[in-house]
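In order, the protein sequences belong to chains A and B. Going by our numbering, the residue at position 34 of the first sequence is 34; the numbering climbs one at a time, nothing skipped. Going by our numbering, the residue at position 340 of the second sequence is 340; the numbering climbs one at a time, nothing skipped.
Be careful, since some hints might not be right.
Interface residues of chain B toward chain A, partial, derived using beta-carbon atoms under 10 Å [as the list claims (entries may be wrong)]:
(1) K6
(2) K163
(3) R377
(4) G380
(5) G418
(6) L419
Computed spacing ranges between beta-carbons, pair by pair [said to hold, decoys possible]:
(7) B:E403 with A:K17: 41 to 47 Å
(8) A:E252 with B:P170: 31 to 37 Å
(9) B:Q404 with A:R192: 41 to 47 Å
(10) A:G431 with B:W43: 54 to 60 Å
(11) A:E252 with B:L33: 56 to 62 Å
(12) A:D432 with B:G154: 50 to 56 Å
(13) B:F436 with A:A182: 52 to 58 Å
(14) B:A448 with A:D432: 48 to 54 Å
(15) A:E290 with B:T62: 36 to 42 Å
(16) A:G129 with B:K354: 46 to 52 Å
Just so you know, the hints here were simulated from the structure itself, not pulled from any lab data. The structure displayed is predicted, hence computed values, not measured ones. Quick reminder that beta carbons are idealized off the backbone N, C-alpha and C, glycines included.
Each chain, letter by letter, is given below.
There are 2 protein chains.
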Amino acid sequence: MARQKKFLLTDEQIPRKWYNILAEMPNKPLPPLNPATKEPLTWQELAHIFPTECAKQELNTTDAWIDIPEEVYERYKYYRSTPLVRAHALEKALQTPAHIYFKNESTNPLGSHKINSALPQCYYCKQEGTTNVTTETGAGQWGAALSYAAKSFGLEAAVYQVKISMRQKPYRSSIMRTFGAAVTGSPSMSTRAGKDILTVNPTHSGSLGTAISEAVELAQTTPNCKYVLGSVLNHVALHQTIIGLEAEKQMEMAGEYPDMIIACFGGGSNFGGIAFPFMRHNLSGERHTEFIAAEPDSCPKLTRGKFRYDFGDEAGYTPLLPMFTLGHQFKPANIHAGGLRYHGAGMIVSQLLKDGMMRGMDIPQIESFEAGMLFARTEGIIPAPESCHAIAATIREAQRCKEQNEEKVILFNLSGHGLIDMGAYDMYINGDLQDFSISDEEINRNIAELDGQK
Amino acid sequence: MARQKKFLLTDEQIPRKWYNILAEMPNKPLPPLNPATKEPLTWQELAHIFPTECAKQELNTTDAWIDIPEEVYERYKYYRSTPLVRAHALEKALQTPAHIYFKNESTNPLGSHKINSALPQCYYCKQEGTTNVTTETGAGQWGAALSYAAKSFGLEAAVYQVKISMRQKPYRSSIMRTFGAAVTGSPSMSTRAGKDILTVNPTHSGSLGTAISEAVELAQTTPNCKYVLGSVLNHVALHQTIIGLEAEKQMEMAGEYPDMIIACFGGGSNFGGIAFPFMRHNLSGERHTEFIAAEPDSCPKLTRGKFRYDFGDEAGYTPLLPMFTLGHQFKPANIHAGGLRYHGAGMIVSQLLKDGMMRGMDIPQIESFEAGMLFARTEGIIPAPESCHAIAATIREAQRCKEQNEEKVILFNLSGHGLIDMGAYDMYINGDLQDFSISDEEINRNIAELDGQK
Numbered sequence: 001m002a003r004q005k006k007f008l009l010t011d012e013q014i015p016r017k018w019y020n021i022l023a024e025m026p027n028k029p030l031p032p033l034n035p036a037t038k039e040p041l042t043w044q045e046l047a048h049i050f051p052t053e054c055a056k057q058e059l060n061t062t063d064a065w066i067d068i069p070e071e072v073y074e075r076y077k078y079y080r081s082t083p084l085v086r087a088h089a090l091e092k093a094l095q096t097p098a099h100i101y102f103k104n105e106s107t108n109p110l111g112s113h114k115i116n117s118a119l120p121q122c123y124y125c126k127q128e129g130t131t132n133v134t135t136e137t138g139a140g141q142w143g144a145a146l147s148y149a150a151k152s153f154g155l156e157a158a159v160y161q162v163k164i165s166m167r168q169k170p171y172r173s174s175i176m177r178t179f180g181a182a183v184t185g186s187p188s189m190s191t192r193a194g195k196d197i198l199t200v201n202p203t204h205s206g207s208l209g210t211a212i213s214e215a216v217e218l219a220q221t222t223p224n225c226k227y228v229l230g231s232v233l234n235h236v237a238l239h240q241t242i243i244g245l246e247a248e249k250q251m252e253m254a255g256e257y258p259d260m261i262i263a264c265f266g267g268g269s270n271f272g273g274i275a276f277p278f279m280r281h282n283l284s285g286e287r288h289t290e291f292i293a294a295e296p297d298s299c300p301k302l303t304r305g306k307f308r309y310d311f312g313d314e315a316g317y318t319p320l321l322p323m324f325t326l327g328h329q330f331k332p333a334n335i336h337a338g339g340l341r342y343h344g345a346g347m348i349v350s351q352l353l354k355d356g357m358m359r360g361m362d363i364p365q366i367e368s369f370e371a372g373m374l375f376a377r378t379e380g381i382i383p384a385p386e387s388c389h390a391i392a393a394t395i396r397e398a399q400r401c402k403e404q405n406e407e408k409v410i411l412f413n414l415s416g417h418g419l420i421d422m423g424a425y426d427m428y429i430n431g432d433l434q435d436f437s438i439s440d441e442e443i444n445r446n447i448a449e450l451d452g453q454k
Numbered sequence: 001m002a003r004q005k006k007f008l009l010t011d012e013q014i015p016r017k018w019y020n021i022l023a024e025m026p027n028k029p030l031p032p033l034n035p036a037t038k039e040p041l042t043w044q045e046l047a048h049i050f051p052t053e054c055a056k057q058e059l060n061t062t063d064a065w066i067d068i069p070e071e072v073y074e075r076y077k078y079y080r081s082t083p084l085v086r087a088h089a090l091e092k093a094l095q096t097p098a099h100i101y102f103k104n105e106s107t108n109p110l111g112s113h114k115i116n117s118a119l120p121q122c123y124y125c126k127q128e129g130t131t132n133v134t135t136e137t138g139a140g141q142w143g144a145a146l147s148y149a150a151k152s153f154g155l156e157a158a159v160y161q162v163k164i165s166m167r168q169k170p171y172r173s174s175i176m177r178t179f180g181a182a183v184t185g186s187p188s189m190s191t192r193a194g195k196d197i198l199t200v201n202p203t204h205s206g207s208l209g210t211a212i213s214e215a216v217e218l219a220q221t222t223p224n225c226k227y228v229l230g231s232v233l234n235h236v237a238l239h240q241t242i243i244g245l246e247a248e249k250q251m252e253m254a255g256e257y258p259d260m261i262i263a264c265f266g267g268g269s270n271f272g273g274i275a276f277p278f279m280r281h282n283l284s285g286e287r288h289t290e291f292i293a294a295e296p297d298s299c300p301k302l303t304r305g306k307f308r309y310d311f312g313d314e315a316g317y318t319p320l321l322p323m324f325t326l327g328h329q330f331k332p333a334n335i336h337a338g339g340l341r342y343h344g345a346g347m348i349v350s351q352l353l354k355d356g357m358m359r360g361m362d363i364p365q366i367e368s369f370e371a372g373m374l375f376a377r378t379e380g381i382i383p384a385p386e387s388c389h390a391i392a393a394t395i396r397e398a399q400r401c402k403e404q405n406e407e408k409v410i411l412f413n414l415s416g417h418g419l420i421d422m423g424a425y426d427m428y429i430n431g432d433l434q435d436f437s438i439s440d441e442e443i444n445r446n447i448a449e450l451d452g453q454k
């Protein structure tokens, strides 16, 4: 009897609304603050740099369901639903009784989940008469998605890409240029923030924090230009809930419900995207799914960071956000999972972590690639270094299921493919990859600096 | 009213048989010949280097439908069906009345259609007790697919990759190594054939012809090792008919039937795959679809080659095959569409071309990338340089439809994505790509040499 391998929705079954967990959280996140006045920010203030509709969504604590605009839905249909896949071959290799499913966001045109938020953000810009958008990108998954979305809605895009990622994954810049974007390595000499960083440290290899500073500055100094962000913020996770809402229908087709949901974690966009729709059934008391965010052990804000108000960027241009953080001047090690090299966790996830609704799991770089290699050789898909963290966490849990003989249902999000990251796989195969450790002293020093600044 | 963008089959709707056009062609291809005796080859002779089941399929002129083995079907389910997509955005950009559909084989795990034949070939090897497989690859799409398929069935794989492609697309070798394959640039000093070529021309940049020679030699000199091929041969096109058989069902879902089917052409695997199932309705007189094979103008065997018995490889190790050819010692220009750099057309396609059942269309390199850029910016998928040829031919036809105000239905095969080929896109964007021309004299000289040899 043939086993069902994957589950897909028809165009008509693609969800027409996003799920806004903010409206249903018993404890809402603390508000973002204006760094000058320390007063809670209004959406009007946020709308100075963000698209107005995104600014409103960011602070919307009342509507649990938000309509997906028709023009965005039309474009979602280009590639959605993404497959929900039962990882039979991986299960067999692990000899685990666990049932492992993954949501395959790597089939999206630009190779990751990032397009799910790039499309609505560019749509709102277009609606609001904005002509230019600017953003940061690490590994380049977000920058690539944003470049395509901007082109699709007739906007001009300027992307600041973290310098070390640009060197590690040169093809990602090429992809952005293919879609007509201007791409600059960050830190650069093209902004005040970049110049300040490079003056102090001329060989700074960049981080999402430096790239955000530069993009925000460009938006503030360019006419008719808005800043768009690929993770961290509430409205980004909102758009990404399309992943979990689809997965919920698809798990139903599979006749199962996840005991455990796992995603890698940088700022929270793919984690929130797959987790929040399922978490609403935890909030209502119907279900007791466990949620695990897999982060690099060299950038461990969930497992070893502190809950503080902190800036979202290196230069301190953004609002102060309440989050688990390693300090906004934390310099992450040069791991290949560029999308996870960020010092803080989004506001919603930080609150959920405080409330014990989820947990973090830290994964060393080499373990992540071991997991990615096993996944590639069994399931035939080479995962992005970021997604390798989710796979490593899944393998740990599946092995625990084996030891304890538990037939748990695990669902993880395959946030993207690793075809642009083959240089990292080469290094792994050649034995040239290393792990990075970070001491408690370093974390405490960063946090103390932060506490001193405030 | 929402328009349907894409059409997918359920796991159960995936075809369970391949279509063997050989059984229904009114004029069968001439037989392959033993070069020593000039006698037609038997499947027993072919089985010396090919898997036995493939050797039988190669000469099977009686069975129009061949069962897909259960273990292959199980693996097809990992990624099939691939989407049939209506290219609304491309149509709009072209302002054409034509309806353009594409079969998106780029969503396959290794990024191209090649996996469709790699899986059955490795399955048959496994069934027959073979432990090692060897093959050639150009751009690396076939080598990557074969490496994964070999790993999936527990075989060891050795791949000879064309040297110029290895340099142009270094990530493809990394992908093959990720799946555990041994990868060698061709021509190499590891075989007699390679040494002979390099002795005469130490800077030879390789071609599919040189890589085939080396792989065949390795198979002949290694115990329990079979040679597998990614294109040209009848059994490869047979396996690829899964593409067209799915597309036939999906076009029915779309409520249309193609007036025109277009695919790029190297040896014929993706062209045959999408074309042959539809062509059976031409053979039966029911339909009159037009079939167009898009080849590079610098390697124009269909439009300017001659019909001859010729070797499939540079060194003359293979059987003599009846085909449209530029001569087996033809050295293709270093275009980025590595998969189309081959001197000859498969036997079935050569016969169909002779019989006027299809036509070739030659596309310059720069036009192919122009087409690929437009497709990326409209449909969000960066196509492989090979597939860009099919898109360029589609655009030509769609523009003709516009001029003549004809609402034709065009279906093309998007054989693969171009994410590993971003170096070529970079060159295009920077204005560094060039076209290559080939003179009639050069073609005639090659053919004359060929005629002299026989």
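Checklist entry - Going by Cβ atoms only, is L419 (chain B) closer than 10 Å to chain A? => result For L419 (chain B), the interface hint holds, since the closest Cβ of chain A sits about 5 Å away, which is under 10 Å.
Item to check | Interface hint outcome for K6 (chain B) [beta carbon to chain A under 10 Å] | outcome: Nearest chain A Cβ about 7 Å off; hint holds.
Next on the checklist: Against the range 36 to 42 Å, how does the distance between the Cβ atoms of E290 (chain A) and T62 (chain B) compare: consistent or not?
Outcome noted: 58 Å, violated
Checklist entry - That 54 to 60 Å hint for G431 (chain A) and W43 (chain B) (C-beta), does it hold up? => result Cβ of G431 (chain A) to Cβ of W43 (chain B): about 45 Å, so the range 54 to 60 Å is violated.
Checklist entry - Should the hint that Q404 (chain B) and R192 (chain A) are 41 to 47 Å apart at their CB atoms be regarded as holding? => result For Q404 (chain B) and R192 (chain A) the Cβ distance comes to about 57 Å; the hint is violated.
Next on the checklist: If I claimed the Cβ atoms of G129 (chain A) and K354 (chain B) lie 46 to 52 Å apart, would that claim hold in this structure?
Outcome noted: 60 Å, violated
Item to check | Status of the given 48 to 54 Å range, CB of D432 (chain A) versus CB of A448 (chain B) | outcome: 52 Å, holds
Next on the checklist: So, as I understand it, the hint says G418 (chain B) touches chain A; can you test that by seeing if any CB pair is closer than 10 Å?
Outcome noted: Holds, because the Cβ-Cβ distance from G418 (chain B) to chain A comes to roughly 9 Å (cut-off 10 Å).
Checklist entry - Measuring from beta carbon to beta carbon, are F436 (chain B) and A182 (chain A) in 52 to 58 Å? => result Violated: the Cβ-Cβ distance is about 31 Å, outside 52 to 58 Å.
Checklist entry - How does the Cβ-Cβ distance of E403 (chain B) and K17 (chain A) compare with 41 to 47 Å: does it lie in that range? => result 44 Å Cβ-Cβ, so the 41 to 47 Å window holds.
Checklist entry - Hint check: is the beta carbon of G380 (chain B) less than 10 Å from a beta carbon of chain A? => result Constraint on G380 (chain B) satisfied, holds at 4 Å.
Next on the checklist: Range first: 56 to 62 Å. Now tell me if the beta carbons of E252 (chain A) and L33 (chain B) are that far apart.
Outcome noted: 59 Å, holds
Of the numbered hints given earlier, the model fails hints 2, 8, 9, 10, 12, 13, 15 and 16; all others are met.
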